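Protein chains: 2
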Amino acid sequence: MLVSRFISRFSRNSLKRYRSLVCCQPDQLPVLSNCCYSIHFTDRVQGNQETNCLGSRAIHGIRYQVHHERSSIIEMDPFSLVADELSIIANSLQEMVVAEVPKLASAAEYFFKMGVEGKRFRPTVLLLMATALNIPIPKSTSDGVIDTLSDELRKRQQRIAEITEMIHVASLLHDDVLDDAETRRGIGSLNVVMGNKLSVLAGDFLLSRACVALASLKNTEVVSLLATVVEHLVTGETMQMTTTCEQRCSLEYYLQKTYYKTASLISNSCKAIALLGGQTAEVSLLAYDYGRNMGLAYQLVDDVLDFTGTSASLGKGSLSDIRHGIVTAPILFAIEEFPQLRVVVDRGFEDPADVDLALDYLGRSRGIQRARELASEHANRAVAAIDSLPESDDEDVKRSRQALVDLTQMVLSRTK
Amino acid sequence: MLVSRFISRFSRNSLKRYRSLVCCQPDQLPVLSNCCYSIHFTDRVQGNQETNCLGSRAIHGIRYQVHHERSSIIEMDPFSLVADELSIIANSLQEMVVAEVPKLASAAEYFFKMGVEGKRFRPTVLLLMATALNIPIPKSTSDGVIDTLSDELRKRQQRIAEITEMIHVASLLHDDVLDDAETRRGIGSLNVVMGNKLSVLAGDFLLSRACVALASLKNTEVVSLLATVVEHLVTGETMQMTTTCEQRCSLEYYLQKTYYKTASLISNSCKAIALLGGQTAEVSLLAYDYGRNMGLAYQLVDDVLDFTGTSASLGKGSLSDIRHGIVTAPILFAIEEFPQLRVVVDRGFEDPADVDLALDYLGRSRGIQRARELASEHANRAVAAIDSLPESDDEDVKRSRQALVDLTQMVLSRTK
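Heads up: the protein sequence lines correspond to chains U and C, in order. Just so we're on the same page, our numbering is the position in the first sequence counted from 1, plus 6. Just so we're on the same page, our numbering is the position in the second sequence counted from 1, plus 6.
Incorrect hints may appear among the rest.
[As the list claims (entries may be wrong)] Heads up, simulated DSS-like pairs for lysine-lysine below, C-alpha to C-alpha not over 27 Å straight-line:
1) U:Lys404 with U:Lys322
2) U:Lys422 with U:Lys322
3) C:Lys224 with U:Lys224
4) U:Lys125 with U:Lys109
5) C:Lys422 with C:Lys125
6) C:Lys224 with C:Lys322
7) C:Lys119 with U:Lys161
8) C:Lys322 with U:Lys224
9) C:Lys119 with C:Lys161
[What the hints assert, rightly or not] Covered stretches of chain C, going by a simulated chain U footprint (3 or more residues, C-beta under 8 Å):
10) 100-114
11) 217-224
12) 236-243
13) 353-361
[Unchecked claim] Here are some chain C residues the structure puts well away from chain U; computed CB gaps all over 12 Å:
14) Phe127
15) Gly201
16) Val206
17) Gln262
18) Phe344
19) Ala390
20) Ser419
These are computed hints drawn from the structure, not numbers from a lab. Treat the numbers as computed from the prediction; the structure is a model and nothing was measured. Note that beta-carbon positions come from the ideal geometry of N, C-alpha and C, so glycine has one too.
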């Protein structure tokens, strides 16, 4: 494997500099420790990453890319930069969902247990954003004192990451009930394991705990921001459930729904991180812009992967969207090239033959490519938001900003 | 009817003094206007109301009692005291649940439409409490100015009433999904009319809008208080769903569940009214105590009515609790007299013959009577909380406090 050939160029000693390195595939990469973080080999990639890519490999959901000329630096994996805090947050989440009634406790903690806590993508983004915004804060109008980033502030920002995860998991629990989902994060979905009733109740419970935690931050703008996210999640889900034929073929409708369902949570929680840090409206908007574009890019790639899976060949994905009659960006772009596809889409994909027909049109169109291009465009806008932040000489700030940039590329190149 | 004989003693002129009077049964009572409020005949009743009662009659869900010697005063119906504000709140609620997606809007407003808005019991209690607490507020520590009840404060307290209704309706929507309920407030339940998915989403939507509205009050203690209520509603529901045999026969467990399911919302929102009014911890606790005991009394009467219905004879109620295996106070008291009933209860009432057997035991026991006595005890404690409020000479304050006392009696004597 290219990854192992690449790693072989580094001595064990040089790798030791990175305390959270671990080999996910012990037969190919040197084992350095037993901790659970992964190693990330990449260089700073400008523009289209894939053209210069010698090869790539997905390990634990993260795609490691090896570049021909420029792969002479091992950078920190964005996740490992905040690894210690992710552990704190994981513990804190388990404590926050403790409930008086045993069944409710089991249901609420179901997706916070070790091993099924997910990729922790959102907490990672939020913690990196917290450091990335560690810039001198303008004078407070109330007391005239220049505040600096303190332990207290960091704890409050960690709390935003926890609340965001709670809202996310609550929405997963309710979505799984709505969709009669059978699995989630590789284990049985809660509705299957404990029934729909407990899933609905556990979702409500997480929302109420999230709201109590929000209130404890004593910042009503932040409470309002994250409560609006819950409304957006519901709105996006309802938009998807109640689409008319006209709306189903509208890219604008699709993007609005995608914002509500996926991008609102990360964008508004990024903004909450900035607001808690006492940042200006401009900086808060940049944080929001990063989250919004990152979220949209993430979902666009997700929609592509639903067609291609890990193989990049059409039809290798789970095709779960199209089989449920959900029309995403690749098909919408394909319709622009083949208007006759619209008739197939309008029939709703209840007939599996229509799925094949749509895949045929899609294969002959630039639908997949254009969806990837749109994802790339949003990733670039996310990078632009980071680049527009006030300059900082602080090494931690610079490293976190780079990690946020790297994350956009990881989102684009991810395969699951 | 005693009610009409009683009313006949009053001239049309003397009745006109009460602007919101209306005759609900035009054939028996003189019609004064076309407005929709009802007339309330009662005197201040001390202790056990029923012993001195000449007769009573239920009109529009409110029981009017006519007392032999003491019925020489016509008092205002508690609901009519806040009638104008209830209309404002009804309109405001309809505006607050406007959603971008048409189906979500229809689902969210389903129980806020005119005619199915329910008894508006909670908003009535909260508005009366707001006036009842209109007492000089201790000096504010921040600016040293003695604040008085202002329009602005009243609007914020109205908002608490709206938020409370939204949380209540959200919990109804989710409960109906959990229980596969078919009707609610005399119309098809939302889960039947629009499906479980939209009911779950509409409930989430109402919770998020309630949270946004809460945040707008800019009082994080109040946000936290009402978010905790949502947690209590979920906890109560889960307690009921996951009861062990031991717990099912515990009066303590029953009362705790009843507090979570019914009394927490009204008690904590009463407290929120006090907190917004800047009241002391002592006064806020009295407001909470009123709500808590009122809520418990309400549920205890509800549990009795499930056995007796309007007729006061056993078995005339819907028996829906016991048929669903839910054991309430009357049965718990009956078990104390007939321990052998415990065996029947433990079998879970899946066999209808066990329901008949339990009714037989219940009929021979003082279960119904003791449940009513416990309700009466809680009503008395609610009255005691009102009586413990700092004295006031303000007529509006006194009238609202009396109305809150009257409400406790209406709760005891209600028949549906």
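Does Lys224 (chain C) pair with Lys322 (chain C) here, judged by a C-alpha cut-off of 27 Å?
-> With a Cα-Cα distance of about 48 Å, the restraint between Lys224 (chain C) and Lys322 (chain C) is violated, given a limit of 27 Å.
Does the no-contact call for Ser419 (chain C) survive, Cβ to all of chain U over 12 Å?
-> The claim stands: Ser419 (chain C) keeps its Cβ more than 12 Å from every Cβ of chain U (closest is about 34 Å).
Going by Cβ atoms, does Phe127 (chain C) stay more than 12 Å from chain U at every point?
-> holds (23 Å)
Would you check chain U against the segment 353-361 of chain C, counting CB to CB pairs closer than 8 Å, and say if three or more residues qualify?
-> It is violated, with 0 qualifying residues against the three required.
Is Lys224 (chain C) close enough to Lys224 (chain U), meaning Cα to Cα at most 27 Å?
-> holds (9 Å)
With a cut-off of 27 Å on the C-alpha distance, tell me whether Lys422 (chain U) and Lys322 (chain U) pass.
-> Answer holds: Lys422 (chain U) to Lys322 (chain U) is near 12 Å, not above 27 Å.
With 12 Å as the threshold, tell me whether Val206 (chain C) passes as away from chain U on beta-carbon distances.
-> Its Cβ does come within 12 Å of chain U, the nearest being 6 Å, so this is violated.
Assertion that Ala390 (chain C) lies farther than 12 Å from chain U (Cβ) = The assertion about Ala390 (chain C) holds, with a minimum of 29 Å to chain U.
For the segment 217-224 of chain C, do three or more residues have a beta carbon lying closer than 8 Å to a beta carbon of chain U?
-> holds (count 7)
Should the label of Gly201 (chain C) as a non-interface residue stand, given a Cβ cut-off of 12 Å to chain U?
-> violated (9 Å)
Taking only the CA atoms, is the gap from Lys404 (chain U) to Lys322 (chain U) under or equal to 27 Å?
-> violated (39 Å)
Does the alpha-carbon distance linking Lys322 (chain C) and Lys224 (chain U) stay inside the 27 Å limit?
-> Given that 27 Å is the threshold and the Cα spacing comes to 51 Å, the pair is violated.
Going down the numbered hints, you'll see the structure goes against 1, 6, 7, 8, 13, 15, 16, 17, while the others check out.
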